[in-house]
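A.B. asks: Read off the chains here:
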Amino acid sequence: MAQVFPYTYYSCPCVESSSTKPNAVQSAPQEAAPFLEDEEENTFDPRSPRANFSLYPIEHLLYCTDCHQIRCPRCMVEEVVCWYCPNCLFEVPSSTVRSDGNRCTRNCYNCPICTSILSISSLEKPTEGLTPNDAASDAAKAPGGPYFLSCPFCQWSSLEIGIQFEKHFNLTSQLQKIIRGDTHRLGSVTDLASPRGEEMEGEIQGRASVASVEDTAPLPIQGDTETLFTNLYNFYRAQLSELSDANPYSLSSDYSFASPSSITRLMNLYGSGGRTKKDRPKPIREAAEFSEGQKVSNPLSEKENIDRIRSVGWEGTASVEQRLQQCREDVGFVDELRPLATLLRTKKSKRCKICRQILSRPESKVSTNRYKIKLLALNNIPKITMRSLNAQPAQHPSFPMQATAPGSDEASTLKPLVPTHFLLTITNPLFDSIKVTLATPSTTPGCVKSKVTILCPQFDVGANTDVWDEALSSATDRSSKRQSQMLSAGPDGGSLTGIQAEAGKVWERGRNWTSIVVEVAPGSLPDSIGHVTLGDDAQGDGGAALDEDEDVLEIPIFVRLEYETEAGGDDGGAAHARKEDAGKEKREEAFWAVLGVGRIAG
Amino acid sequence: MATAASSTPDYFTRKVSTGRIRPTLSGIQNASSPHTPFNRSLSSFYNSPSSGFRNDDENNVVIELGSRFMRIGMAGEALPRCIMSFGPDDHHRVGDYRQWMPGYNTRRKRKRGEEWGQDHELWRNDVRELDLGLVEDKLERAARKADGEVLMLDDRKKRLTVILASVIARPLLSVTLSTLFNIFQAPSITILPSPIACAASSGLRSALVLDIGWAESTATAIYEYREICQRRSVRAARTISEAMAELLDEECTAQAKGPIEVSFEEAEEVLTRLAWCKGNGDDRREDESQDAPQTILLPLPPSEPSTTLEINFSRFSEPAETAFFGENGDISSYDAHDLSLSRLLYNALLALPVDVRKVCMARIVITGGVSNIPGIKARVIEELKLLVKCRGWDPIRNYGKATKRANSNPRERNDNTAVRLESNVTESSDTDDGTAEESNELHQPAVAAAFVPQEQDPILERLAERAAKQAPPTVEGRIRAVETLGAWAGGSLMAALRIKGVVEVERESFLQHGLAGASKEKEVSSKAAQRQSLGPGARSAGAERASWTLGIWA
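Residue numbers (the UniProt record's numbering), protein chains in the order written: chain A, 1 to 602; chain B, 1 to 554.
The set of hints was computed from the structure by calculation and includes no laboratory data. The structure presented is a predicted model; accordingly, all values stated were derived computationally and were not measured. The beta carbon of each residue, even a glycine, is placed where N, CA and C say it ideally should be. Misleading hints may appear alongside valid ones.
[As the list claims (entries may be wrong)] Anything over 12 Å on all C-beta distances counts as not near chain B; from chain A, calculated:
1. R103
2. S297
3. I384
4. K415
5. D466
6. G504
7. S524
[Said to hold, decoys possible] Beta-carbon label-pair distances, calculated as ranges:
8. B:E129 to A:D549: 57 to 63 Å
9. A:S311 to B:D90: 47 to 53 Å
10. B:D335 to A:P419: 40 to 46 Å
11. A:S319 to B:E250: 40 to 46 Å
12. B:D338 to A:T96: 39 to 45 Å
13. A:P299 to B:F451: 27 to 33 Å
14. B:D90 to A:S367: 29 to 35 Å
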């Protein structure tokens, strides 16, 4: 995994409810579902392809205090609070987003080759590069003359595709003009998401004067997707309006009692005699020429393209990624790529999908990163961490940052078939003490079967009371305990491995955290293809029969919490919270977590 | 189209002639006279008229779903706002940023038991082996990402148009609908078949759409916006991508760069960038001659000291050759689903009635991601022309013992068919097939009689005149290819023009009953629903959409 090694993923329980199949579908074989049928219990399988979609680091999860459940991005509803450009940090009003699309309409452009932000430079003094922001602020000082966009990272410049600007502001409209007027020379297709919306708006407004729109449209240049689309759109609209004019019973127009067509129709129905089927609408005709949106294929253009590929070679053709970024699949060459206006970003507020409670709400100003509401899972769900028992210096559980990377190789590489002890620490963020029950399948699912034993599956974790308590007392407490344990380990080298972890006993306990020991005996890797006989034939070369990440030891753990808390008046999900005496209620929560322990050595 | 156009004489002129309605009324109704515009109407029964102008108040989202990519954007735009792929890099866990790590190896081995490119697919139509939950997960993530990061829509009502292949497994359809309802919270989803969307985006009413998809190529004949015939072949993007990988493997070993198993991504990259397709027959030779040993230098990132492969440019046309056109050996030895693209088109055309064929053959639309490989469209059309030239429109491939007879005069037979198509004379195709050699001689003048100018038919003439007045002359009876903007653009057009789809699924009823709630009738047309709701049963307007259909997906 890309995460450094001891890592913890939480499984959002929403996957169970959402994986209920839509009715009327015959059940397909569900072998790969993350919940294996294991006698009567379901065991979470972190290896199943579906598990990737339901596991989250705890930092990505929110917590609904009404439903008392973890909320992952799947079970949240998002609402946009504001739009802004990540480059110039200008907020974009929603009306602009609607009309001009989802890209920055100011001067922010991304490099079509490497996607970094382009800067505006003057042709006069090419050394003086200006970022768009600078250009906006000290416009007076800016050097004159034609400007161009250049990429500080890959040295691409808009001069390569023959684009330069007269002014250093309002690039979007300039670029639009250039591309439209210049299509013929530059290649096949125009782009730019931003002007598109505007264009459409204009067309919709100029609905009555279809003909005039057609006249003002740019010259029909063969091969221009945008022009073709516009022509087609205008053609269809003209045809449809003709249709609705000629025939009041047209199907395309809106109908209601107030429209003249409906009245005529009702008159016909209740008036003289029944209508016959004579009024079938004349069908709209098909487009006949380029100005109407039809384009007959030209085999010669394909020939040209072939010759062009031959001459420009590998470097001159656009890569798949670049093509996808342009959203045009018919772009073939690097010099047909256009700078892309920067995609806007949003701040979003999130709601619980079930009870619609707001889970997080940022402040609407772009420049602040504060939140008005933020219900993090981190503050409501015990944090589970795991580390090797014998490799570490003492680590403070509330201060997990370390100077050395914990996932360094020697620590996270596991020897097969050698039982290793790990320390599982559960930290309680709640203000009530919790009772934790852990469960895990005795062998991990997947191709490499490791044995896992939780030595103490049931224990209590103290409440998250006053931080100062711990700061003052627990550190000394804990170290003294460890010291005593180390001493009790005996004189034989004082190695930590000598400390016996006792079954059913807690290893260490702090103010709001408890550590227990988990014994893991990693399974052995299949050393050649022949050893893996899991029904499917192993392919691949050189004995590496394992798929990516199959040698990672991941332990699924089922965590169940019980605690008593004040019965809050805000409690909406009281269904499963049994009332106890005097406003106390008992809650329980359960979820699966996956602990990534390390990579098994081959 | 011709039939529809000619058989509907102008409604009002007919009315006037019968005189059943007062002429004044018909005068008012005349299209040219001033009148209240019809499109100014209410959007609902109880709203004020002004609400009719606020139709733009919804977000009109168009989604095209294929087995490899999802295109998503706003209606009325020429290009989708984003194209999502379903590669393995898109399916890591949240918080797993390994693909951005510097040492991340993009070379990925194929997983055990996986077919070529399987981990890049959203789904496959064979649902027996498919984990529908996984499909749902993938689709859900892609759609959520597109919605949240690219579309960034405000909280206005959303209208969803989904473009799907016209044949799709029901479980997949169901999963798609439920996921999209779930994510976009749209009140209803309109589903359009992609061939029809393609035809619409090329401005045609009838077409023969060849969609070179990922798993299969389909040739769909569309007549008056209706699918009437479909033929499919497994020669599609997957075949050509595998062929390209083989070619690269071969070159690697040949140039002693070591046996490198080319990954799917590399093969696809080379395929999209460099693949091309030769023309037919003679210009192949021409290519060879003018093609001086011109080679392409191909960087090969996977090999440790990064090297380059030097490959002859003409080799990059081989995958297309083998994947789409290669027909060595007898055609009868080929599987029915393994037809070359041109033959697929030919078979589709052959299965059509003559009148439809003459329209469709002049409107061949080639689409699909691989069709962007330069040369493919031209080649398909060329080969199709050749096939038609050699074989005519004779559905019988092999006459067996009668071979000699049937082939004795192919030239004449072709002329015959051509004439038949042009003159639109319905002549049974076996007039001169079952006859003996001598009688053939005798029939010769009879055939020639077809060239004799026809008798003047005043009625037909007048009909033709009227038809010509209404519509520009249509091209028919010759093979011609028409460009399309793609299925997504077609859907975008239709959604922007607010064309009501036949298949419109309401959220509530779908979530309640699933696909089983659809009525069995293939065509619950919006026409019927409208009539009822405005007729005596106007009270039942609320239940207007109570019955919905899955149309061709039923």
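A.B. asks: Does the claim that S524 (chain A) lies outside the interface with chain B hold up, using a Cβ gap greater than 12 Å?
C.D. replies: Given a closest Cβ separation of 18 Å, the condition holds.
A.B. asks: Given the range 39 to 45 Å, decide if the beta-carbon distance of D338 (chain B) to T96 (chain A) lies inside it.
C.D. replies: violated (53 Å)
A.B. asks: Just checking, R103 (chain A) versus chain B, shortest CB gap more than 12 Å?
C.D. replies: R103 (chain A) is in fact no farther than 12 Å from some Cβ atom of chain B, at 9 Å.
A.B. asks: Against chain B, does S297 (chain A) keep a CB gap of more than 12 Å to every residue?
C.D. replies: violated (4 Å)
A.B. asks: Using the beta carbons of D335 (chain B) and P419 (chain A), state whether their distance is inside 40 to 46 Å or not.
C.D. replies: With a Cβ separation near 56 Å, D335 (chain B) and P419 (chain A) fall outside 40 to 46 Å, so the hint is violated.
A.B. asks: Verify that the Cβ of K415 (chain A) lies farther than 12 Å from every Cβ atom of chain B, and report whether the claim holds or is violated.
C.D. replies: holds (24 Å)
A.B. asks: Given a hint of 57 to 63 Å, does the C-beta separation of E129 (chain B) and D549 (chain A) actually sit inside it?
C.D. replies: violated (22 Å)
A.B. asks: Indicate whether the distance between the beta carbons of S319 (chain A) and E250 (chain B) respects the range 40 to 46 Å.
C.D. replies: About 23 Å separates the Cβ atoms of S319 (chain A) and E250 (chain B), which means 40 to 46 Å is violated.
A.B. asks: I want to verify a distance hint. Is the separation of the beta carbons of P299 (chain A) and F451 (chain B) within 27 to 33 Å?
C.D. replies: holds (32 Å)
A.B. asks: Within 29 to 35 Å or not, the Cβ separation of D90 (chain B) and S367 (chain A)?
C.D. replies: Holds - the Cβ-Cβ distance for D90 (chain B) and S367 (chain A), about 32 Å, lies within 29 to 35 Å.
A.B. asks: Is it true that S311 (chain A) and D90 (chain B) lie within 47 to 53 Å of each other by Cβ?
C.D. replies: The hint (47 to 53 Å, Cβ to Cβ) is violated, given that S311 (chain A) and D90 (chain B) are roughly 35 Å apart.
A.B. asks: Please settle this one: G504 (chain A) was flagged as non-interface, so is its CB more than 12 Å from every CB on chain B?
C.D. replies: Non-interface label on G504 (chain A) holds, nearest chain B Cβ at 34 Å vs cutoff 12 Å.
In terms of the numbered hints stated before, the structure departs from hints 1, 2, 8, 9, 10, 11 and 12, listed from lowest to highest.
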